[in-house]
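Starting from the known structure of chain A, arrange chain B with the ligands on it as the hints suggest.
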Amino acid sequence: MENSSSFWVRFYKNYERLVEGIYHIYETIVNIPLIFKNINITIKYMYEIGVETFPLVVFTSIFVGIITALQANYQFDDLVPKIFLGTAILKAIVTELAPVIMALVMSSRYASATAAELGTMAVSEQINAMIVLGLNPIRFLFTPRIVAGIIMFPVITILSDVFSYLGAMATSVFFLNVPAYIFIEGSKKFFFVFDVVVGLIKAAVFGFIVTYVGCIFGYMTKNGAKGVGESTMNAVVWADILILIFDFIVAWLLF
Amino acid sequence: MDKNVDERIVISVRNLSKAYGKRQILTNISFDVYKSETLVIIGKSGTGKSQILRHIIGLIKPDKGDILIYGKSIVKASKKELEDLRKKMGMVFQENALFDFMTVEENIAFPLREALHLDEEEIEKRINMTLEMVDLNPEDVRKKSPAELSGGMKKRVAIARTIAMEPEILLYDEPTTGLDPVTSDKINTIIRSMQTKLNVTSIVVTHDMKSANKIADRIIYIDKTSEDTGAKIMFIGTPETLAIEADKNLRLKAFIEGVYDPEAIVLKKKEYEEKYSEKIDLDVFKK
Ligand SMILES: Nc1ncnc2c1ncn2[C@@H]1O[C@H](COP(=O)(O)OP(=O)(O)OP(=O)(O)O)[C@@H](O)[C@H]1O
Ligand SMILES: [Mg+2]
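Respectively, the protein sequence lines represent chains A and B. According to this note's numbering, the first sequence is numbered sequentially starting from 1. According to this note's numbering, the second sequence is numbered sequentially starting from 1001.
Chain A on its own, in the form it takes in the complex (with noise of 0.2 Å):
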């Protein structure tokens, strides 16, 4: 009997801390049109996602080109023609490699900094302090940084997908015997627009993702320092869950 009911007690605290951030995916995007009033804010957020980690973009994209292109090598082993090699790459790298590596990276990155960032601000009551100042901190701390994900995350995957390319088709010239002209000929057979579109409506949910995790795992955080920790730590490994699988549903849905 006690045990059962701590259990259900448990659960219920589980269920109502669940539904209070799904409730509040709602309030982010009711407060949209009130960005404009602060667009400042968002720009600033724009700005740490999409400028500040262009090093970090470039060197993990042109590291996951290289990859992908001594991996894709291995596989055809001589029973494919070496033209496809292009074709591979490129269609792994828009549809799929570069927005859910990019979302990885930056869910360590930006999840847990804005989990932090709002678990401290939790703990130290300055979210307590704006609602009693009658300022909607789901207004002024998510719906920016929400806005600013789902806008520069395609853009950064973008960048990432030219930068992986290269890096791709270096490897190929220098290491695969592949020259650059066959590289690029294969990259262009059997490409549609389509399949950067795929690769841009994942990066963008992803974006929502990785923001609104990290968000709502900052604003949820109690217990101090060490809760903020925790709340850091479940950002990140939400996150990168929620990539995983909504990754699999945007295909699904799209394919």
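You can take every hint at face value.
Computed beta-carbon distance windows for the label pairs:
id : chain 1 : residue 1 : chain 2 : residue 2 : range
1  : A       : Val237    : B       : Val1182   : 43 to 53 Å
2  : A       : Phe248    : B       : Asn1137   : 57 to 67 Å
3  : B       : Lys1144   : A       : Met233    : 31 to 41 Å
4  : B       : Lys1143   : A       : Gly227    : 26 to 36 Å
5  : B       : Asp1135   : A       : Ile32     : 39 to 49 Å
6  : A       : Val19     : B       : Lys1080   : 19 to 29 Å
7  : A       : Phe84     : B       : Phe1101   : 45 to 55 Å
8  : B       : Met1129   : A       : Ile245    : 47 to 57 Å
9  : B       : Lys1144   : A       : Lys37     : 18 to 28 Å
10 : B       : Ser1226   : A       : Leu244    : 49 to 59 Å
11 : A       : Glu96     : B       : Met1129   : 52 to 62 Å
12 : B       : Arg1023   : A       : Phe59     : 45 to 55 Å
13 : A       : Ile151    : B       : Ser1145   : 22 to 32 Å
Sample of chain A residues with no beta-carbon within 10 Å of chain B, all distances over it, derived:
id : residue
14 : Tyr26
15 : Leu56
16 : Ile241
I should point out that these hints are in silico values taken from the structure, not numbers from a laboratory. Note that this is a predicted model, so its numbers are computed, not measured. The beta-carbon is built from N, C-alpha and C at its ideal position, and this holds for glycine as well.
Same frame as chain A, now just chain B with the ligands:
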């Protein structure tokens, strides 16, 4: 008979109870605060004074009981009603709660601009006025970030930010803790003048008996009799009657005189009286 609500009552706390898990924090707290009255809540650390303020401003919901602001329940209020009620209220948090991603002037200006929609000229005026009120030089501190301020300066900026909103009801959570005696006195004077000049109704939580005596119209003392019963109101009355009550309640006496073990004083007093066979004043034993 409850229909006949007393119009002078601004805040009415009724049978408020709150527990966290199995731990009872507050038990059956009831009191009223009258228009332009300053009510001081005293009590030991961890008894739930800050929790009472959070309930009053609607940041947490009680398990039982109700809180009425101008006769309207803040517990049952809709989101819109809650916003309207909060427009009339201000709170100075124990930990200051300054926005650390903003400068001092932005901390004060942000809610004035976004919640009260004041024009820039008025905002500018209020920034300078309130900072001067709390004895800070606006030119020195305006552009600083909260991290660059001392503890006492942060506290004063937090007070300035709250009074800049010109609320009708002010809740202060330990406004003088961590301040030097002179600045403390200045803050006490501000709290007093908010009341006399602007008719503000205030609740002040404090540990500082000197400031309690200076600002209080009435004092509430809360205490818990054992670890798991939750805090109850042990005394409510004027500062003068508090002293009388303290002679009956040793824990209260210990609190207001700032001694750890009240029984020791009484015993010591008896010893001395026996030795010198004369009545002496308890004050001698306060270090
Ligand atoms: N979110 C919470 N979860 C569990 N217990 C809590 C929570 N918030 C407060 N408490 C408990 O409630 C009690 C009262 O806390 P509160 O902050 O109101 O004390 P206080 O009287 O203001 O003390 P102090 O004078 O030190 O500020 C404390 O024992 C604290 O442990
Ligand atoms: Mg407190």
